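Protein chains in written order, with my numbering: chain A, 99 to 189; chain B, 99 to 189; chain C, 99 to 189; chain D, 99 to 189; chain E, 99 to 189.
Among these hints, one or two may not hold up.
[What the hints assert, rightly or not] Cross-link-like lysine-lysine pairs, in silico, DSSO-like; alpha carbons within 30 Å at most:
id: 1; chain 1: C; residue 1: Lys116; chain 2: B; residue 2: Lys126
id: 2; chain 1: C; residue 1: Lys126; chain 2: C; residue 2: Lys116
id: 3; chain 1: C; residue 1: Lys126; chain 2: E; residue 2: Lys126
id: 4; chain 1: D; residue 1: Lys116; chain 2: A; residue 2: Lys126
id: 5; chain 1: A; residue 1: Lys126; chain 2: B; residue 2: Lys116
In case anyone wonders, no lab produced these hints; they're calculated from the structure. In this text the structure is predicted, and so the values were computed from the model without any measurement.
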Amino acid sequence: MIMGQVMGSLWATRKDNKLNGMAFLVVKPLSYANESVTGEYFVAADNAGAGIGDTVLVTTGSAARTSFANSDVPVDAVIVGIVDSIEVTHD
Amino acid sequence: MIMGQVMGSLWATRKDNKLNGMAFLVVKPLSYANESVTGEYFVAADNAGAGIGDTVLVTTGSAARTSFANSDVPVDAVIVGIVDSIEVTHD
Amino acid sequence: MIMGQVMGSLWATRKDNKLNGMAFLVVKPLSYANESVTGEYFVAADNAGAGIGDTVLVTTGSAARTSFANSDVPVDAVIVGIVDSIEVTHD
Amino acid sequence: MIMGQVMGSLWATRKDNKLNGMAFLVVKPLSYANESVTGEYFVAADNAGAGIGDTVLVTTGSAARTSFANSDVPVDAVIVGIVDSIEVTHD
Amino acid sequence: MIMGQVMGSLWATRKDNKLNGMAFLVVKPLSYANESVTGEYFVAADNAGAGIGDTVLVTTGSAARTSFANSDVPVDAVIVGIVDSIEVTHD
Chain A
99 MIMGQVMGSL WATRKDNKLN GMAFLVVKPL SYANESVTGE YFVAADNAGA
149 GIGDTVLVTT GSAARTSFAN SDVPVDAVIV GIVDSIEVTH D
Chain B
99 MIMGQVMGSL WATRKDNKLN GMAFLVVKPL SYANESVTGE YFVAADNAGA
149 GIGDTVLVTT GSAARTSFAN SDVPVDAVIV GIVDSIEVTH D
Chain C
99 MIMGQVMGSL WATRKDNKLN GMAFLVVKPL SYANESVTGE YFVAADNAGA
149 GIGDTVLVTT GSAARTSFAN SDVPVDAVIV GIVDSIEVTH D
Chain D
99 MIMGQVMGSL WATRKDNKLN GMAFLVVKPL SYANESVTGE YFVAADNAGA
149 GIGDTVLVTT GSAARTSFAN SDVPVDAVIV GIVDSIEVTH D
Chain E
99 MIMGQVMGSL WATRKDNKLN GMAFLVVKPL SYANESVTGE YFVAADNAGA
149 GIGDTVLVTT GSAARTSFAN SDVPVDAVIV GIVDSIEVTH D
């Protein structure tokens with residue numbers, strides 16, 4: 099999974115009906131190894147009630163769909179948790 | 099999901115029959131973190147009626163197939179929405 | 099999906115039986131955004147009758163298997179079409 | 099699969115219920131080819147009893163879910179083993 | 099699929115039971131486009147009887163599991179063939 103920070107929102111009126119009712123958030127991957135290299139922003143469906151600025155845990159790929167009651171949705175990234183804390187050692 | 103811009107179209111007469119009737123659009127990933135680094139263009143099947151220049155939301159991987167009535171299609175990227183607006187904070 | 103050019107072939111006598119009878123082609127991803135950066139070559143099973151030099155459309159991931167009558171094959175990339183033309187705008 | 103080193107832990111109280119009871123570890127991919135390039139840290143669910151500093155084997159993608167008794171979990175990376183030793187030749 | 103060279107082996111005593119009996123090999127992706135850029139080493143389960151130094155064909159993602167009689171295994175990369183020869187044109 100990816101650690102990220104919610105940077106914004108995306109709105110789309112014309113979209114696949116299966117996406118109706120979902121909130122789409124713009125996420126910046128958090129960088130630990132290469133502070134100077136920031137991974138590109140991506141869009142994740144929110145399933146944890148996240149808000150702008152929150153540090154979140156994002157699940158990608160086919161696993162993302164298992165987070166929904168109806169798993170037949172064209173979603174490849176979902177926010178599955180709001181991060182309380184990350185404790186990382188430095189070597 | 100990926101935010102992208104539709105840059106063009108691709109035509110292929112000789113192709114897997116399961117792809118018949120689909121429109122294939124060339125998409126440029128939108129860059130927020132590294133303006134100088136542009137992700138490589140890719141091809142997505144259109145399922146939202148997108149046109150050249152549109153900002154679109156693209157779902158990739160196995161999730162892409164869930165956007166079609168018949169999910170047994172060799173498609174790994176699909177345009178699932180036309181983006182109205184993106185609101186991103188800068189830190 | 100990826101736009102690529104067929105650069106060569108790969109032969110393997112000792113291989114998973116499920117791969118018997120398939121042609122494996124070496125594909126170079128086509129680059130539009132960063133002409134100086136060429137994506138690494140990869141191998142795709144051919145399901146479109148492609149030849150050396152052809153510009154092709156390649157489907158990757160689990161979607162690749164949907165292109166075969168028997169989808170229980172260890173193939174993660176397949177050539178699903180021969181590209182006639184690509185029309186891309188430049189911004 | 100990816101060879102990695104466990105660098106830390108991540109806590110999230112508000113999360114998908116399906117993730118309850120799992121330990122989430124922060125993993126640094128081990129680098130052999132490009133010592134100067136460190137892959138970005140990521141988060142993996144622990145299914146091998148790993149601890150900080152351990153060298154681990156991580157399975158990603160849909161395969162990660164097969165490591166759980168209940169495979170309907172939004173997890174895209176799981177620690178499937180504690181590495182005893184890696185023997186690599188240099189060319 | 100990826101062309102790679104077997105560089106070594108990995109041993110893990112404490113691991114997911116579903117991985118028992120498998121050989122895990124360390125693979126270096128072969129580079130054609132950017133000789134100076136070597137892709138990072140990764141670990142693949144061997145299903146072709148490969149040895150150190152062999153050039154191999156590796157299938158990744160969910161397709162990897164189709165190479166096993168029991169496909170319910172947490173493996174995301176598998177060596178599916180020993181490469182006899184690769185013939186690549188240069189442009």
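Against the structure, the hints come out as follows:
1. Lys116/C with Lys126/B: Not OK: Lys116/C and Lys126/B at ~36 Å, beyond 30 Å, violated.
2. Lys126/C with Lys116/C: It holds: about 25 Å lies between the C-alpha atoms, which stays within 30 Å.
3. Lys126/C with Lys126/E: 18 Å, holds
4. Lys116/D with Lys126/A: 24 Å, holds
5. Lys126/A with Lys116/B: 36 Å, violated
In summary, the numbered hints that this structure violates are 1, 5.
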